[in-house]
Amino acid sequence: MSVRAIAAKLDVLPRPRGVLARPRAGDRSSGGGLFAARTGAALLAVFVASVVLAQVQAAPAKAGVAELLVKWTPLLAQGFLFNLLISALAMALGTAAGALLGSARLSLHPPIRGASWLLTQFFRNAPWLVLLFFVMFLLPFEFTVGRVTVPFPDWIKATLGLALPIMANVAEIVRGAVQSIPTAQWEAARSLAFSRRQTLWQIILPQCIKRMLPPWMNWYAILTMATTLASIVGVSEVMTITGRITNAEGRTDLLIPIYSYVLLWFFLYCYPISVWTRRLEARYAER
Amino acid sequence: MDDIAGWFRWLHGASGIKLTIFYDSYDRARFLQGFLTTLRLSAFCLILSVVLGALAAWLQGSRIAGVRRSVTGFVALFRNTPPLVQLYFFYFALGPLLPKVGGMPLLGSFGWAVVSLTLLETAFAAEIFRAGIEAVPKAMVEAASSLGFSRWQIYRQVVLPLAVRVSMPAMTNNLVNLVKTTTLAYAIAVPELVYMSAQIWSEQVNVPEMMVVLLLSYVGIVGVINHAMQWLEARLAVPGFGQ
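Each protein sequence line maps, in turn, to chains A and B. Sequential numbering from 1 applies to the first sequence in my numbering. Sequential numbering from 288 applies to the second sequence in my numbering.
Pulled out of the complex, with its shape left as it was, chain A reads as follows (with noise of 0.2 Å):
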């Protein structure tokens, strides 16, 4: 029997509810139930498995895999947290840029109204790694003002690449919070003689905080997991890094072990972040 059918039979199909009736700021939500905490247990147990299991193969002349592990441990995290001030950095710039092009999206001028929403349509829609090679080749590597030149590092103008789909998708967030505001509180602000910059600033952006927090955590989760790709154009993040290790050492049984090493790291980093974005929305959703 087909859906339709049962549907006209039964007659209890309700619309579907929020869950996916939400915009396109949850793209990549938060990850699975909040019980899956065993989940790191279980990339830790492949991790280890992979570390014994190397061990045990390696020739006694040879270092073991855990010794190596250890030896590299500390260059690998000064990678890790340049990626993380590369991802602290983006976000700020992100969001800064967001919120302002969000607000021109709320603009009454057309015309700005048009713009901004060509830009966001494009930064959301173009493949980060584009728009980070874009970056990478059309700004120059050194500026001079006036006598002063000033050095413009790979680092710096990959943050400003992955500052700009966060941008965009940061200006998606807060047009969807404000205009999630019921109208009836313009209007009433309107009553009570708000111009609408003090009924924007006073009245409606408050509330819109809670709103967009969980979209904004998740947004950051996914930036630090993108900052890898600025290993891509050059930048000794924590996944140049390990290219280079695993150069340097020349052994093949190394490569699982930090390979999942590097990857339990950004898992340890981003699913609590990701848990986090789950209550919070479940919490602000209840009231």
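Please note: incorrect hints may appear among the correct ones.
Claimed, not checked - Derived DEER-like restraints, expressed as beta-carbon distance ranges:
#1 F141/A - R522/B: 47 to 53 Å
#2 P495/B - V145/A: 38 to 44 Å
#3 P424/B - R197/A: 43 to 49 Å
#4 P424/B - F141/A: 33 to 39 Å
If you're looking for bench data, these hints aren't it; they were derived computationally from the structure. Just so it is clear, CB atoms sit at the ideal spot from N, CA and C, and this is done for glycine as well.
Place chain B on chain A using the hints.
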């Protein structure tokens, strides 16, 4: 065709804008090959991830706790680790372990890109389908069960068709993300759009032009996908379900 090539050649002479892909047959062939590889990679991953995602979502409703947990773990793992590291893990760490057939690796860079991206997208698709399945009213399942449908039949003939429809908007986003994520395959030298464009711009030194072409190509692909999915959504709409 010749007119277009002629015009772009004239454009290069007149303004310095060098779009060799329109008049140099070698560059054009490379660019088209890259374009097709991107489409092929996307199509493979799309089909596999939808099938596996539906399977994973079904397994998440399993009565065996171990199965449920491992699916949840799989989803959490692939969603919370960088896709690029996953790709490197598969290609550089697991790749060498695979047996060679006649001196050739069993899976090339394209194959590993398909495997890695498929698993990533499966994790996203599973989550989307799960939400879609949860949105199917319990009464429907009970009604089907009272009509003598088996568990698998209920899933196949009642829950899944409805869940697919509910999931459509989220799947569109996922599909767009998939196409954008295929650019990562550049890192393991899959001859897709970015890789081919990079070869062209490093030989012809026309980085800005190729960048614009590249961005427009992706925006174009994404636009086509959005329209196609909207059409499909309208086509599959069930009266009384959704708006």
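Need the list of violated hint numbers for this structure, in ascending order. 2 and 4
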